[in-house]
Amino acid sequence: MKYEVVIGLEVHVELLTRCKLFCSCPNSFVPEPNVNTCPICLGFPGTLPQMSSEALQQALIAAVALNCEVALYSYFDRKNYFYPDMPKGYQISQYFVPLGSNGHLMIKDDRGENNKVVIERVHMEEDAGKLIHAPGSGASGSTSMVDYNRAGVPLIEIVTGPDLRSPLEARRYLEKLKSVMQYTRVSDCKMEEGSLRCDANVSLRLSGSQPYGTKTELKNMNSFRAVEKSLEHEIKRQAATLERGDNVITQTLRWDENTQETIVMRGKLEAQDYRCFADPELAPIKLKAEEVEKAREALPEMAEARAQRFINDYKLPEYDAGVLTASRSLADYFESCLKLYNNPKEVSNWVMGEICAHLNNAGLDAGQCPFQPEDMAELLKMIDDDLINGKIAKEVLEKAFLSGKSPRQVVEEENLVQISDHSELEAIVNQVIKDNPDSIESYRGGKTRALGFLVGQVMKATGGKANPQLVNELLIKKIDG
Amino acid sequence: MELRKTTVHRVAEAVLQGEITAHQLIDITLKNCGVLNEGLNIFTAVAGVDASEQARAVDQKIKQGKKLPLAGIPVVVKDDLCYGVLPTSLGSSAFSEFISPVTATAVERLMDAGAVVIGKTNLDDMGQGSTTLSSPRGATANPWQAERTAGSAGAAAVATGICMLAVESDSGGALRQGASHCGVAGLRPTTGRVSRYGLNAHCSSFARVGVTAFSCENISGVLDIISGFDERDAATAVCRDGIQENIKAPGSEDITIGYPVTVFDFLEPELREVFEQARDEFAGHGYKIKEIELGLLREGLQAYYVIALAEASSSHARFDGIRFGKTGAADNLHNMYFQSRAEILGQEARRRSIFGTFLLGKGNYGRYYRQASKIWQMVRWEFEGALKDCDLLMLPTSKNLPRPLQGQSSFLDQWSDDLFCAPVSLSGLPALTIPAGQIEQHPVGMQLVGPPFSEKTLLNVGSASEHKN
Numbered sequence: 001m002k003y004e005v006v007i008g009l010e011v012h013v014e015l016l017t018r019c020k021l022f023c024s025c026p027n028s029f030v031p032e033p034n035v036n037t038c039p040i041c042l043g044f045p046g047t048l049p050q051m052s053s054e055a056l057q058q059a060l061i062a063a064v065a066l067n068c069e070v071a072l073y074s075y076f077d078r079k080n081y082f083y084p085d086m087p088k089g090y091q092i093s094q095y096f097v098p099l100g101s102n103g104h105l106m107i108k109d110d111r112g113e114n115n116k117v118v119i120e121r122v123h124m125e126e127d128a129g130k131l132i133h134a135p136g137s138g139a140s141g142s143t144s145m146v147d148y149n150r151a152g153v154p155l156i157e158i159v160t161g162p163d164l165r166s167p168l169e170a171r172r173y174l175e176k177l178k179s180v181m182q183y184t185r186v187s188d189c190k191m192e193e194g195s196l197r198c199d200a201n202v203s204l205r206l207s208g209s210q211p212y213g214t215k216t217e218l219k220n221m222n223s224f225r226a227v228e229k230s231l232e233h234e235i236k237r238q239a240a241t242l243e244r245g246d247n248v249i250t251q252t253l254r255w256d257e258n259t260q261e262t263i264v265m266r267g268k269l270e271a272q273d274y275r276c277f278a279d280p281e282l283a284p285i286k287l288k289a290e291e292v293e294k295a296r297e298a299l300p301e302m303a304e305a306r307a308q309r310f311i312n313d314y315k316l317p318e319y320d321a322g323v324l325t326a327s328r329s330l331a332d333y334f335e336s337c338l339k340l341y342n343n344p345k346e347v348s349n350w351v352m353g354e355i356c357a358h359l360n361n362a363g364l365d366a367g368q369c370p371f372q373p374e375d376m377a378e379l380l381k382m383i384d385d386d387l388i389n390g391k392i393a394k395e396v397l398e399k400a401f402l403s404g405k406s407p408r409q410v411v412e413e414e415n416l417v418q419i420s421d422h423s424e425l426e427a428i429v430n431q432v433i434k435d436n437p438d439s440i441e442s443y444r445g446g447k448t449r450a451l452g453f454l455v456g457q458v459m460k461a462t463g464g465k466a467n468p469q470l471v472n473e474l475l476i477k478k479i480d481g
Numbered sequence: 001m002e003l004r005k006t007t008v009h010r011v012a013e014a015v016l017q018g019e020i021t022a023h024q025l026i027d028i029t030l031k032n033c034g035v036l037n038e039g040l041n042i043f044t045a046v047a048g049v050d051a052s053e054q055a056r057a058v059d060q061k062i063k064q065g066k067k068l069p070l071a072g073i074p075v076v077v078k079d080d081l082c083y084g085v086l087p088t089s090l091g092s093s094a095f096s097e098f099i100s101p102v103t104a105t106a107v108e109r110l111m112d113a114g115a116v117v118i119g120k121t122n123l124d125d126m127g128q129g130s131t132t133l134s135s136p137r138g139a140t141a142n143p144w145q146a147e148r149t150a151g152s153a154g155a156a157a158v159a160t161g162i163c164m165l166a167v168e169s170d171s172g173g174a175l176r177q178g179a180s181h182c183g184v185a186g187l188r189p190t191t192g193r194v195s196r197y198g199l200n201a202h203c204s205s206f207a208r209v210g211v212t213a214f215s216c217e218n219i220s221g222v223l224d225i226i227s228g229f230d231e232r233d234a235a236t237a238v239c240r241d242g243i244q245e246n247i248k249a250p251g252s253e254d255i256t257i258g259y260p261v262t263v264f265d266f267l268e269p270e271l272r273e274v275f276e277q278a279r280d281e282f283a284g285h286g287y288k289i290k291e292i293e294l295g296l297l298r299e300g301l302q303a304y305y306v307i308a309l310a311e312a313s314s315s316h317a318r319f320d321g322i323r324f325g326k327t328g329a330a331d332n333l334h335n336m337y338f339q340s341r342a343e344i345l346g347q348e349a350r351r352r353s354i355f356g357t358f359l360l361g362k363g364n365y366g367r368y369y370r371q372a373s374k375i376w377q378m379v380r381w382e383f384e385g386a387l388k389d390c391d392l393l394m395l396p397t398s399k400n401l402p403r404p405l406q407g408q409s410s411f412l413d414q415w416s417d418d419l420f421c422a423p424v425s426l427s428g429l430p431a432l433t434i435p436a437g438q439i440e441q442h443p444v445g446m447q448l449v450g451p452p453f454s455e456k457t458l459l460n461v462g463s464a465s466e467h468k469n
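Chains as they are written, first to last, in this note's numbering: chain A, 1 to 481; chain B, 1 to 469.
No wet-lab data here; the hints were simulated from the structure. Heads up, some of the hints might be wrong.
[Claimed, not checked] In the SDA-like style, the derived pairs of lysine to any residue whose C-alpha atoms are separated by at most 20 Å in a straight line are:
| hint | chain 1 | residue 1 | chain 2 | residue 2 |
| --- | --- | --- | --- | --- |
| 1 | B | LYS326 | A | THR250 |
| 2 | B | LYS362 | A | THR250 |
| 3 | B | LYS326 | A | TYR83 |
| 4 | A | LYS286 | B | ARG232 |
| 5 | B | LYS362 | A | PRO84 |
Next comes chain B alone, as it looks inside the complex (with noise of 0.2 Å):
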């Protein structure tokens, strides 16, 4: 069985009807993981004999009769979300060993559901970067071209077909831009839509859990699964009373796709191409095309960072080496502070607390914090203004193709590579990528960003796209 042919839905419906058993599936699957892995660092931890037993159990609860929607579906899951039964290393070496007490509530409603965690993935310096060029397991290669990042090791998993569905978290952009260069689907939810428990969040503001899966419609079947109140995260609440869909009629003739002009000016020639085409694929559908402004995408990206890097230097300060951790030997506890984070942080995490620290500081708060809640603001102003006259927007997801894994690109370059990603995240509105076209045989993905709750009109008409392109 290709996993990357069929559908969640098939797969399971086989499962269930006892075409082949969980456990022959996870057994298949994992032996394919060696081999599709080769040469890409996708994983920091494979599930091995815990992914066996959990499809057994999967087998045994089909053969009592509960009908699971996710029948031994295989998925994996980013290593900042925490599944108590494999390591969390959380990105940091310090962590490699680290069983979290806590096992994130997407992960378990998808477990619940009869899929099957058969590993956990790559990803950068403590979960922050979109590009995995700071992990300190090295970075995951591009399944399309091997010499150049995947940007989300999950995206990497579901495009070789290792997995059908990865469940990753997205901040600044990290989801969106690893499926758009890896040429697969990826969904980062509404604000409240998914419970954030059990990701380790580098940036609460804008961490969001979300799925990337080889098309839209694998993406929908998984949705409803993992979305929903959850006590455990105060944003869930907007859902305590059920979710309230946001569904436009799937006629293609009554959507109105806003086409911020402007934007893609940032971009190169050749990319600009790939969105101009996706626009006219769009008009030749019969969506209705108006041109909308996004003004505020340079400060937005700004803001994201002035208020991704304050956050991270709070919430990181927890790994003080006490509770969890490698804890360094000093003789007193400023030099035990000292050794643990230096364990603990990479180069990256390290500088992103320092910049934190130093944005929140005395005099600083005013001139930086405070003035990026307030872009934060405006940013938000925007979207929705421009979605009054608009059902969804198009944006490009990245501005460049994946980084190279060797060369130098400078941190600034790679904060960069999020301007189409990070303003969304600070809309709090979903945003879908999928696949737009391609440049040199390698893939590139566009943004539908649409107002909140509307991720299905988003996945009706991303599938939509697919099937006729």
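Here chain A stands alone, though its shape is the one from the complex (with noise of 0.2 Å):
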């Protein structure tokens, strides 16, 4: 291509904390506006902020996993602004001193070599409430409504180096960024829901050349898969004003789900000045290098490396690896099976399938199985003490992890047990041998097939709960006598 791609991207993570950064509101989300409110985190007059320990703590940790540098005394600026989502007219941020500087992130670029991606800050800050804007009386005809419940939510906003070559490294990048956050339960990073937010500088310039090309910004999108499609669209769109030997201008543009295009938000001359200084009214924040380390020692084993111990530990395939560890909570789930069952690709199946499935038809985490590693264990020595068959099992796993109820309570209750008794099969072997003739006609005629519908019929006649190998063997003995 004639010209190289250069992104940098800006990320906005909502940090994991029972409170607020300046408040004891909670740090939750509920529907009803401004119910996680107080009269600190609405800004009266006399109020002031009390910083939160916890947050703190996280945006440690955020900073020690994504390979910081931690400033031992760095403290908080008032980033001074007006609208009606910020209730003091300015946010609480760092500025001047970030708590991390100088991180990465390994990815994998295009060509699939190592890239190092520069997070040359990672600083703590305030969120802001929610502009609602509906349609009503006023003189323009519509109203707009503010919920402050989020306002004053601890974030911690972390930002690359011009680093990123493709939307798809983009993407990459955001995906490991993700995985190391909720990895270290700094965040749980849904950008759905808003606890990650993204935007993008992108610039280009000729391939080879030294000076970056004029960047522009973009702002609201609302997935990975936007992140990437908002940045091809762009540099399209940069690269085709470049081509007709004009000049990319600086600007901010929002990027339209709708319509898949940029439109231009704002201007350089509508630039603001944010008047940055140090909030007088907190302490600034002294951190001991024993702290530091500290955390940095009790970082958890990140995805990649747990997917590689898994493959060289359990021999399980590279896939299953993968998906295993795409969360943390799953892996610790699939271990805390293997403790109870050890057969990794047994329980890697049945974690992958089943636990999956349901999981994501309730919308659960791992974390929040209600079918528990022990009922896991359970379930499998059922089927290994040929207590019931591999389709019962789903079955019983499926009734478990709806009802809460144990493996073994589900399969007494509803009487599952598999039935390995031979009189009682014998005979019902025999009565599907007496309705089938045809059927036993085209085995004998060398139709294999038709031994498995006769299984089949067996199992239907048992309403699932024939022991199938014994079937199997049964019949056979019978038809060749």
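Please dock the two separately framed chains into a single complex, following the hints provided.
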């Protein structure tokens, strides 16, 4: 390509904490507006912010997980601008000294090579509220309302260097970032719910040239896919502009999901002057080198390392390892099951198949799975003990998952124990042979598929509870005499 | 009972012993209130029924055997400090009916100790000033000379005997200048000693909550009550493990008072004379006097205003008409801001907000704010240095007699009145103002400034000088 693409991302991540950043209001989603509010997060006169140590701890974990240098002395600044969703008329953020700087994440580039994406800064800040626009009786025919539930929720902003070279790389970076944030339990990173938000800066330069081209900023992307799409769109637009001999103008564009286009929001002249200065109401953030080291040491094993270990230690296929480590809670679930039932491939099949499907249907995370690892071990042991067959096991799992009962309880209550009793099965087999003379004929004529039909008939007659192996043996014995 | 001639301790004892009930005491106080306030314009709100109820509650607690150290003591509270029962006007006409959802920690602690809030006192536009001249309700007159300002309405309330204590804010010197102009004592405490929670500070870097009273002894009586760690104000973390008082032995021979010679060149001859006399009296009482230099007062004053204006432009940004105060009618967001802020902020507050916005703007931050921050640090070092050789410093409180109610004084003139107070605010050190003498029957105060947490030494020295005068 004639042009080289240069992309940098600014990602806001909502921290998982009990409380907001500067008050004790819960940091949780509630549909009813302005419920999670207090005089502090509403910016009432006379109130002062109270720094949450929990949020600081989460931000610290994020910074070390992103391989940052951590500032042992940092502080909060005020970023001043008027907007109704900003209760104090300023946002408390870290402008001058970010908590973390000079970090990196490794991703695979378009050719599958490792690309080190520099993370310039990780800083803490508070979220704003939300504006709700409703048609109504206002002078201009509409009413705007503010919901401050989100105002003061702790965020970290993660800013990369201009290190990404394609929309695909941008997407891979976001996926990697999300995985790290989820593995460290810093954030749930649900882009659809706004707990991860991404702005992108993009510019083009002639391949091989040094200076960066003029960049534009993209906002309002609601999914990783939208980030990729909007970048692709914007790259085409910039390339076309340059091809016409025009200059790219510094501006902020908004991605329109409906039209799949970028729309100009504001130009350079309208750029805000945030008048940042140190917030005089908060004490500086002082960390000890030991605290930072402790946080580094306490980092969990991340997805890639864990997948590799699953391949090495459990001899799982790469595909299985990838699926199982996609989320930390799923990987934890898998390993908890293994502790109780040591057959990695067997457990992997059940977790990737049945468990993931049921979790998906129920909209649950693996950490909330009602079918506990103990239940999984019990279920698999019942199969081993010929108490149930694989087909019934799936049914048992579903019933146990939905009811919260143990698999054994389900099997007993529903009388699902496999029929392995010779005489009992023999009677049924005899009946089936008697009822299907045509099939016996075909089988004898060499059509072995007919046997499958007969087995099926026996299973049907027993409600699926017959031991399929035993049925097979009995049928062959009877027919072949 | 004449409140000016007794002490907080004695009055509280009388109430605890049942010589008078808190309710009776507050009744008398409220009755006096009207008479004594006449023509002075001290109050933005008088507690009335609420004060009687508070007093009854105090009597009830005493009956239950509670030893309340401030039983029945009438206090007033400057109206930038929130008290959730009375309106908190913040110095804005748009907030005259605003009931705050919070109560300032200092007020809460006084009330827990048995004090009764009898009213909220007048203040400058959004609490910005040391004269009350910019108050939307008009200035508070000085009880000594009604054609001049009181400086602070709380000091006027104390001086007239309406109340025994005034809880007030002090950023650039409002509390201290008010006390000085009204001939009473006022304490601006060490940074972090008294919680600022509930104070609508226009400049949190320098705003402190202090006390004004008729005597140093009365201030001593409440300092411990309002001091100490409060999780709602991060600055009080210095008191988390208790307050490490910095007390100097009471003997005057052991105390060296720094006398900044150069400073007194700024004063009119008659004011200068008052301070020379005060110095000589200290010397006469056995204190060692050491001449020192304080060379950064003017720069300190300028730095104070750069930072205070910058912070005000940000701190007052919350007054957008959306959540509290009056909302201006408008058909779009910009006009709504415009209308609401025009109603909430008066001329002085608007001026400060606009200046502050400029000072922090692109290209100006480095030139003004950062420079001011450096001077702030230098002033701190200068005071620290001066206190290496002395136990405390004496400084004038105000450069002038209080401003006349009528007649023009420019805002710059008024700002420059903080010449001796604002640099002390930068230092973060405690400052006590006590009466130093009089000019033409008008009281003049002086500041005693000590190292961090030396309030008790300052109060002891101040108290001794009151008794000897």
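Okay, the hints, checked on the actual structure:
1. B:LYS326 <-> A:THR250: 39 Å, violated
2. B:LYS362 <-> A:THR250: 19 Å, holds
3. B:LYS326 <-> A:TYR83: Roughly 17 Å separates the two Cα atoms, so the pair holds.
4. A:LYS286 <-> B:ARG232: Given that 20 Å is the threshold and the Cα spacing comes to 19 Å, the pair holds.
5. B:LYS362 <-> A:PRO84: Between B:LYS362 and A:PRO84 the Cα gap is close to 23 Å, so the pair fails against 20 Å, i.e. violated.
The structure fails to meet hints 1 and 5 from the earlier list, while all remaining hints are met.
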